[in-house]
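Trainee: Now for the letters of each chain:
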Amino acid sequence: MEVERIGPLLAAVREKTPLVHNITNFVVMNNTANALLALGASPAMVHALDEVEDFVALSQALVVNIGTLYSEQIAACKLAASRAQAAGVPWILDPVGVGATPYRRAAASALARLRPNVIRGNGSEILTLAQQTQARQGRGVDSLQGSDAAVEAARTLAKKTGAVIAVTGAVDYVTDGKQLAEIHNGHPLMVRVTGLGCSATAIIGAFLAVESNAFAATVAGLTVFGVAGELAAEWAAGPGSLQVALLDALYALDEATLVARAKIRA
Amino acid sequence: MEVERIGPLLAAVREKTPLVHNITNFVVMNNTANALLALGASPAMVHALDEVEDFVALSQALVVNIGTLYSEQIAACKLAASRAQAAGVPWILDPVGVGATPYRRAAASALARLRPNVIRGNGSEILTLAQQTQARQGRGVDSLQGSDAAVEAARTLAKKTGAVIAVTGAVDYVTDGKQLAEIHNGHPLMVRVTGLGCSATAIIGAFLAVESNAFAATVAGLTVFGVAGELAAEWAAGPGSLQVALLDALYALDEATLVARAKIRA
Amino acid sequence: MEVERIGPLLAAVREKTPLVHNITNFVVMNNTANALLALGASPAMVHALDEVEDFVALSQALVVNIGTLYSEQIAACKLAASRAQAAGVPWILDPVGVGATPYRRAAASALARLRPNVIRGNGSEILTLAQQTQARQGRGVDSLQGSDAAVEAARTLAKKTGAVIAVTGAVDYVTDGKQLAEIHNGHPLMVRVTGLGCSATAIIGAFLAVESNAFAATVAGLTVFGVAGELAAEWAAGPGSLQVALLDALYALDEATLVARAKIRA
Chain S
1 MEVERIGPLL AAVREKTPLV HNITNFVVMN NTANALLALG ASPAMVHALD
51 EVEDFVALSQ ALVVNIGTLY SEQIAACKLA ASRAQAAGVP WILDPVGVGA
101 TPYRRAAASA LARLRPNVIR GNGSEILTLA QQTQARQGRG VDSLQGSDAA
151 VEAARTLAKK TGAVIAVTGA VDYVTDGKQL AEIHNGHPLM VRVTGLGCSA
201 TAIIGAFLAV ESNAFAATVA GLTVFGVAGE LAAEWAAGPG SLQVALLDAL
251 YALDEATLVA RAKIRA
Chain V
1001 MEVERIGPLL AAVREKTPLV HNITNFVVMN NTANALLALG ASPAMVHALD
1051 EVEDFVALSQ ALVVNIGTLY SEQIAACKLA ASRAQAAGVP WILDPVGVGA
1101 TPYRRAAASA LARLRPNVIR GNGSEILTLA QQTQARQGRG VDSLQGSDAA
1151 VEAARTLAKK TGAVIAVTGA VDYVTDGKQL AEIHNGHPLM VRVTGLGCSA
1201 TAIIGAFLAV ESNAFAATVA GLTVFGVAGE LAAEWAAGPG SLQVALLDAL
1251 YALDEATLVA RAKIRA
Chain B
2001 MEVERIGPLL AAVREKTPLV HNITNFVVMN NTANALLALG ASPAMVHALD
2051 EVEDFVALSQ ALVVNIGTLY SEQIAACKLA ASRAQAAGVP WILDPVGVGA
2101 TPYRRAAASA LARLRPNVIR GNGSEILTLA QQTQARQGRG VDSLQGSDAA
2151 VEAARTLAKK TGAVIAVTGA VDYVTDGKQL AEIHNGHPLM VRVTGLGCSA
2201 TAIIGAFLAV ESNAFAATVA GLTVFGVAGE LAAEWAAGPG SLQVALLDAL
2251 YALDEATLVA RAKIRA
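Protein chains in written order, with the working numbering: chain S, 1 to 266; chain V, 1001 to 1266; chain B, 2001 to 2266.
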């Protein structure tokens, strides 16, 4: 994945303004929608059982995030994911806090079997999903594991699910089971803002809408998000202003800055 | 509607701090509450079936927004709207994304029959509600139609429902079926922040609480919101800082600035 | 409660990053999570009936807030509170808008009987919970009563429930029925940002996770939050920028500033 491919993908998102259907958690709905709008996509947050199938069929990508899951939402996620799969709409799964409870593990595992194009999580989440260990991973929704500790689990999970796996953290890793890319962008302050992992997932969703190669779309999404985060951190005085500046940076990001800042390693 | 009438209405909102009951979507709850607080009203977000009727009876206005609708919420909206109608509490309907799915169309149409004092939507939403065309309007929650394309639909819808209709976009149009006002305020960057249409609806709600003429209240609300948006855009570096600056601008807006900036045409 | 004790408690939150389980309202989920992250805690928003008991057992504190209550959430709050009580996890109740409807009064009263370690509310909310008067207190979710009007009610409620009671307002009062502390920090602009009372509750929750004396934890939480609010108000141009600056201030707050600014009276 060459950095030169990412600029044109960003331009494609901005030109096509893909409709990205999100079934996501209540904590991040606003920020996720704003991140997608700042990037140039057209977000919609739609989760009613009675309309998710109709809506996903209109969309160019689907984002499924279990952060504040509840039984009706799990049913809606399954319906939407199945319909996306049938209709050829690419979709991405964010298994937030999957290690915390049996309920969450069951929901995430069931969704992972519905053939997501991409799964993005932190180290603990990917380790749990890959069942590399019997021990409970993670603590609440934050990771106890660095992303580097989950690279092998990510390869295993990629082979098991057929999905591209992204493990995000100090370094972001992307693998389809064979290829592995590392993205060395982003900033440590980003973990002090809630839901930036969820925003990263949604941004990947927007790139899936314009790039059928899920590996390339995922690397592009994480690179754009990481570079925007770095730019925002240079401006920010703390996590409050970081969140604001991140939206401004996603909006203002140009291809030259992206290419100059991107740190992708194969 | 003369601009000179708006300043006193803004002062009335700030003096009376009307309780505005919102049944709204999960994406914008925080921003809507903050917009109402910044303006000077007292917002409450209350949607439980078991208390919406009690709550609306305490309120000076009701805002109903179907952005992230689900079956129990639709029932709550209907209960609250009926009670508002019976108790003489003015209410406003925001038919978010009504064109996207049959479920959404059915819910919005049912609510529109419960005699809202005002309906506010973008061009696509008003065209769909007015059933000017069989074709699906809009795409997700964003408009595919300029507000100008929906002016005739707005007149039709006003006559059909008895409500004042506001179509917002590059230009905002307000009609009661006879009178038509145009508001040429606002800024293009506002569409890159999620839910500012929902905030506009809530702001109109606050003006309905202090002005029984729904046409005047709607023009006042949209003018205040558009002027605040313009002021915020002058300060903002992008959509993140625009959202922050908009709340500051609503809070700081004085009558002299409002009169100097307002661009209302009959 | 000496101000010198608060700095070490703040350091303990930052060092231990306690997992704070929140069952809270949809308006403030994002801001509450961000306030806890900015402070140095690890927030999780988890409300599904199927997992709240499992989750609370992993947590170091539980925050229960009825702002946008609905029947399933009330059941989840009761389950979680009972489990917290049984497992020795400290928990705090925020009876948002308890005076507004019979539904809300019943829910808050039932939760208050489940032995919360702390209850925090505004003047109207504490007066209602203490049943000092038959008259409906409050209007919507905002207080009609100054915090000073509820001090006696707070003492009564403390004796009745066994909880430490915090009444917040222009002055914050904390009592366990015997001791009374006053905190003269904070800023009037804070009431123009939605849910800062809810954030204060969550911050107290984080201190409960590191300090078993609930009175000391509550005074510490409110002092830290009030000082951060003051610092933010000095920087802010209005309620939008105040919200941003408050998160930055919580993140940057050091012990020296805290001690210099704190205004606690026994």
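FYI, nobody ran anything at the bench for these hints, they're computed from the structure.
Treat the hints with care, as some may be off.
List time: in silico EDC-like cross-link candidates among lysine to aspartate or glutamate, alpha-carbon distance up to 16 Å [unchecked claim]:
#, chain 1, residue 1, chain 2, residue 2
1, S, K159, S, D142
2, S, K16, V, D1142
3, S, K78, S, D50
4, S, K160, S, D142
5, B, K2016, S, D54
6, V, K1016, B, D2142
7, B, K2263, B, D2050
Taking CB as the label site, the calculated pair distances span [claimed, not checked]:
#, chain 1, residue 1, chain 2, residue 2, range
8, V, A1170, S, S212, 55 to 63 Å
9, V, G1146, B, P2102, 58 to 66 Å
10, S, K160, B, P2008, 46 to 54 Å
We treat Cβ as the ideally placed atom computed from N, Cα and C, and that holds for glycine.
Trainee: Flag every earlier hint the structure violates by its number, smallest first.
Mentor: Checked against the structure, the hints that fail are numbers 1, 4, 5, 7, 8 and 9, while the rest are satisfied.
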